[in-house]
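Participant: Got chain F; can you put chain H on it based on the hints?
Number of protein chains: 2
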Amino acid sequence: MYLKAVQLRNIDQVPSIKDEVSRNMIVILRITPLAQKNIQDLKQTVEELYGFVSSIGGDIARLGDERVILTPPGVKVWRGIN
Amino acid sequence: MYLKAVQLRNIDQVPSIKDEVSRNMIVILRITPLAQKNIQDLKQTVEELYGFVSSIGGDIARLGDERVILTPPGVKVWRGIN
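Chains F and H, in that order, give the protein sequences.
Take 1 as the starting number for the first sequence in the numbering used here and just add one per residue.
Take 1 as the starting number for the second sequence in the numbering used here and just add one per residue.
It should be emphasised that the hints constitute simulated quantities derived from the structure, not laboratory data.
Careful: at least some of the hints might be erroneous.
Because identical chains share one entry, a pair is satisfied inside a single copy or across any pair of copies.
[To be verified] Straight-line C-alpha distance at most 30 Å; calculated DSS-like pairs for lysine-lysine:
hint	residue 1	residue 2
1	K4	K76
2	K18	K37
3	K43	K18
4	K4	K43
5	K4	K18
Chain F with its partners taken away, still in its complex shape (with noise of 0.2 Å):
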């Protein structure tokens, strides 16, 4: 399994971040460059993956200001105490 560092610069990258996620690879994408450029499509990019990784069963959370970890099937982000 890999864990991948992304920069998402724009939407049309998301169909190959699904890809990856779909071959099993743990996506650490930083969203400040979308962010910076266009807040709509980053909207629209979080919430179709939030929807794509949810119904795979994978995972998707906030890591900091700048990130958010997708997982595959298999990976959860812990939420506990500590």
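Facilitator: Chain H alone, transformed into the frame defined by chain F:
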């Protein structure tokens, strides 16, 4: 498998971080709190974790300025193009 975000505040956290990676968790360590407090402790912590993760066949990589990713065996940090 879980992915856990951890704030590194103290060198005393090293044993519990090692334990979590040993128990097959991916740990994303935000190093800034310790970096602002004691840079020598941070250096020693990262060296210890580097050695530990290498010894068990996991992986370690920086994520931006503030974070370090630690993975258990079987999860590698993608270092290819894109």
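Participant: Are the hints correct? Go through all of them and say.
Facilitator: Results of checking the hints against the structure:
no., hint, verdict
1, K4 to K76, "both (16 Å within a copy, 9 Å between copies)"
2, K18 to K37, "within (21 Å within a copy, 39 Å between copies)"
3, K43 to K18, "within (16 Å within a copy, 37 Å between copies)"
4, K4 to K43, "both (22 Å within a copy, 25 Å between copies)"
5, K4 to K18, "both (13 Å within a copy, 22 Å between copies)"
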